[in-house]
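Engineer: From first to last, the protein sequence lines stand for chains A and B. The opening residue of the first sequence carries number 1 in UniProt numbering; numbering runs sequentially from there. The opening residue of the second sequence carries number 1 in UniProt numbering; numbering runs sequentially from there.
Honestly, the hints are just simulated from the structure, not real lab data. Just to be clear, a hint being listed does not mean it is correct.
As the list claims (entries may be wrong) - Calculated lysine to any residue pairs in the SDA-like style (CA-CA distance at most 20 Å, straight line): (1) B:Lys-379 <-> B:Val-410; (2) B:Lys-104 <-> A:Ala-85; (3) B:Lys-104 <-> A:Arg-84; (4) A:Lys-27 <-> B:Ala-109; (5) B:Lys-379 <-> B:Gln-330; (6) B:Lys-133 <-> B:Leu-149; (7) B:Lys-104 <-> A:Arg-120.
Stated by the list, open to error - Just some of the chain B residues that point at chain A, by a computed CB distance under 8 Å: (8) Ala-75; (9) Pro-79; (10) Leu-80; (11) Thr-257; (12) Gly-259; (13) Ala-261; (14) Val-410.
Quick reminder that beta carbons are idealized off the backbone N, C-alpha and C, glycines included.
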Amino acid sequence: MNLVVNGDAEAGPGGTAEPVPTVTGWKVVQGAPALIDYSLGGGYPTPADPGPERRGSRFFSGGDSPRTALLQDVALPARGATGRAAVDAGRVRYAVTGWLGGYAAQEDGVRLSVEFRDSRGTPIALSVLGPVTAAERGGKTGLVERTAEAAVPPGARTARVLLVFTRTGSGTSNDGYADALSLTLSATGGRR
Amino acid sequence: MTVNRRDLLKAAGVAGALGAVWPLSVGLTPAQAREAAEQLGARYDPAPFTLGVASGDPQPSSVVLWTRLAPEPFAAEQPLPEVVEVEWTVAADPELRRVVARGKAPASATLGHSVHIPVTGLEAGRHYWYAFKALGRTSRVGRTRTAPLGNVSKVRFAALNCQAFHDGYYAAHRAVAREDVDFVVHLGDYIYEHGQVGGVPEEHVRDHDGPEVLTLADYRKRHALYKGDPSLREAHAAHPWFLTWDDHEVVNDYSGTGGGAPFMQRRAAAYQAWFEHMPHRDSFGGSALPDPEIHRVRKWGDLLELTVLDLRSYRSAQNLSDGTILGAEQKSWLKQGIDKAPDAWHVWANSIMLSQLRGRPGGSYMFTDQWDGFLAERKEVLGHVHASGLEDLVVITGDWHSAFVDDVRVDFDDTESPLVGTEFTAHSVTSGAYSADWNETNGPLMGKANPHLKYFEGNRYGYDVYEVTPERFSAHMRVIGDRRDPKSPVTTLTTFHVDRGEAGSYEDEGTKGSPAQYRRDA
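Could you put the whole structure together from the sequences, leaning on the hints where they help?
Structural biologist: Structure representation (structure tokens):
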């Protein structure tokens, strides 16, 4: 199960390149993102550009702020195969995935990170994805997949997911693009 | 030990062997790299606690404890399980017999097997001792101290900055470890990101571990290299530290905003590695790693309010009419803090020079990477200090590799402008300053060009110790004799005082005759 709410940008207001003040499931901590329809055109990623195979209708962009940041605090499950007992026994792993991209040869980008915290909010694990460089996109508009996985440390209770879009240069549009963001847990046989 | 190491360096240099011995970038395994480094002076604690222990961010009932498991300091990935359980103990005595707190924390490979333990429930204003256990081994014992509450008659603290590994040994840290101080403030340039400098041993006592650092693995190794100086680990183990950073923790003169994706990758790697190696308390705010939140206000009883500034993460480019060195949110936070500041000494931990600095009369600013590149914001902040009636402001600064004492005025170009505080810019630990000739020529020129500049000394290295009472703030400039000697003795070059309720500083009569390249009140 994907623990990220609205990681696919499909829910809530949006659809154009106009920034939106609120995003379903996310706290906007800086700037204002746009949730853009793949059919918008105008140089934004289209259904034909590199991106998730099942990409729905929209993706996240950085809007027109130099730095746009979205945050989501995820409570890890209390019970079940990936619940607290399993986490504390060292039997749970996480995988974080995001499709991250940008525009042509520009270096605007977006970074996805997940920080696992214990019950007092202390960071105990971290994975950082991106931002994807223009070279890593082959200089083409589009999104590429980035993923990381690791053990959920014993004591982990929450995960803070942070999505940061950064603009470079003097343009207006913050052309970091993101879609298909996910955080999943899986039970393993034993302590690794 | 000193002689042997120098002999070894000289012999290696003469034989042309340094390229095969000191540099760690020539295909050595991590174990070989460590051996080479140790032969030439680096020394590590027993594994897995090679990098030592540290504490930071002292509060009345809490400190943060730090260690990192790194059995192979120069390995990109440690030969350890993915998660290692680390036990920690806090006690009221150095032998750890009277235990007051203990617990366990996971050290994850994703954070370089570092742990950051916010210990709570401690008593205010006292020492504690602590240690870690992992993989059947016990770390060295560290000492820390909680902040006091209420009436406080004295606080002493040290400020360190700019510790280029290749420029000298850490005699300053060794001395700080032996100082009777309540805490230490590090003002940045804890590591340097650039590649090797060469010139060992004639110009440099040692060198970096390889080329310019760019990735998380690179930055981890660089931090591990710096922690290979035992005096740095000793200073960490002796006192709790407050921390800010300057540019070289990432790259020279960078702005934290506006960079493209390649730079943002590098910045995130550098910030993560910094967190992994520092006793830093994070995630009490609205951010998260890999963007640690550094700025904070801490109190030392009713005597001192310390405001730690982050002048890198949120700054814009230099020399813009609407530029910012603080970022909008931190500026607003700072101004609000000024508005509600208690009656106390107000100390700003400020990585890079606040005061205006022209190179010569009528000349341009020397460095607009300093606050001189953010004129409107400086005037706004200092104007706010004046308008709010904030008194007893002392700014402590690093970066410059030389000592300055400045009067802080709202408008530095107007000698009638309100005087709102004093800035003490400390000598560097090791990072190279200008030549003695340059200092001799330019000290008087800077003095003439900057009427608020009271003192300049650039021929020495060391740190500052600040001694604060309700009546007086005294800055003691501690200097080492020789950066090439890891045990170089420390002396006090001079002392400046600021009296409570009186803006402006004055030099102690007893040290007014000490060497300096500029002194306004000569």
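Engineer: How about Gly-259 of chain B: closest beta carbon in chain A under 8 Å, or not?
Structural biologist: holds, 6 Å
Engineer: Does the nearest C-beta of chain A fall within a distance shorter than 8 Å of the C-beta of Val-410 of chain B?
Structural biologist: For Val-410 of chain B, the interface hint is violated, since the closest Cβ of chain A sits about 29 Å away, which is over 8 Å.
Engineer: Hint check: Lys-133 of chain B vs Leu-149 of chain B, CA-CA at most 20 Å. Holds or violated?
Structural biologist: Not OK: Lys-133 of chain B and Leu-149 of chain B at ~31 Å, beyond 20 Å, violated.
Engineer: Does the structure keep Lys-104 of chain B and Ala-85 of chain A at a Cα separation of 20 Å or less?
Structural biologist: holds, 16 Å
Engineer: Mind checking the alpha carbons of Lys-379 of chain B and Val-410 of chain B for me, to see if they're no more than 20 Å apart?
Structural biologist: The given pair, whose Cα atoms are some 6 Å apart, holds under the 20 Å limit.
Engineer: Regarding the pair Lys-379 of chain B and Gln-330 of chain B, is the alpha-carbon distance no greater than 20 Å?
Structural biologist: holds, 16 Å
Engineer: Quick one, are Lys-27 of chain A and Ala-109 of chain B close enough, alpha carbons at most 20 Å?
Structural biologist: Violated, because 29 Å separates the two Cα atoms, which is more than 20 Å.
Engineer: With a cut-off of 20 Å on the C-alpha distance, tell me whether Lys-104 of chain B and Arg-84 of chain A pass.
Structural biologist: The given pair, whose Cα atoms are some 16 Å apart, holds under the 20 Å limit.
Engineer: Hey, does the Ala-261 of chain B contact hint survive, CB to chain A under 8 Å?
Structural biologist: holds, 3 Å
Engineer: Is the shortest C-beta separation between Ala-75 of chain B and chain A less than 8 Å?
Structural biologist: The hint is violated - Ala-75 of chain B has no Cβ within 8 Å of chain A, the shortest such distance being about 18 Å.
Engineer: Does the closest beta carbon of chain A sit nearer than 8 Å to the beta carbon of Pro-79 of chain B?
Structural biologist: violated, 15 Å
Engineer: Using the nearest Cβ pair, does Thr-257 of chain B come within less than 8 Å of chain A?
Structural biologist: Where the cut-off is 8 Å and the nearest Cβ of chain A is about 6 Å from Thr-257 of chain B, the hint holds.
When the structure is compared with the earlier hints, violations turn up for hints 4, 6, 8, 9, 10 and 14 and for no others.
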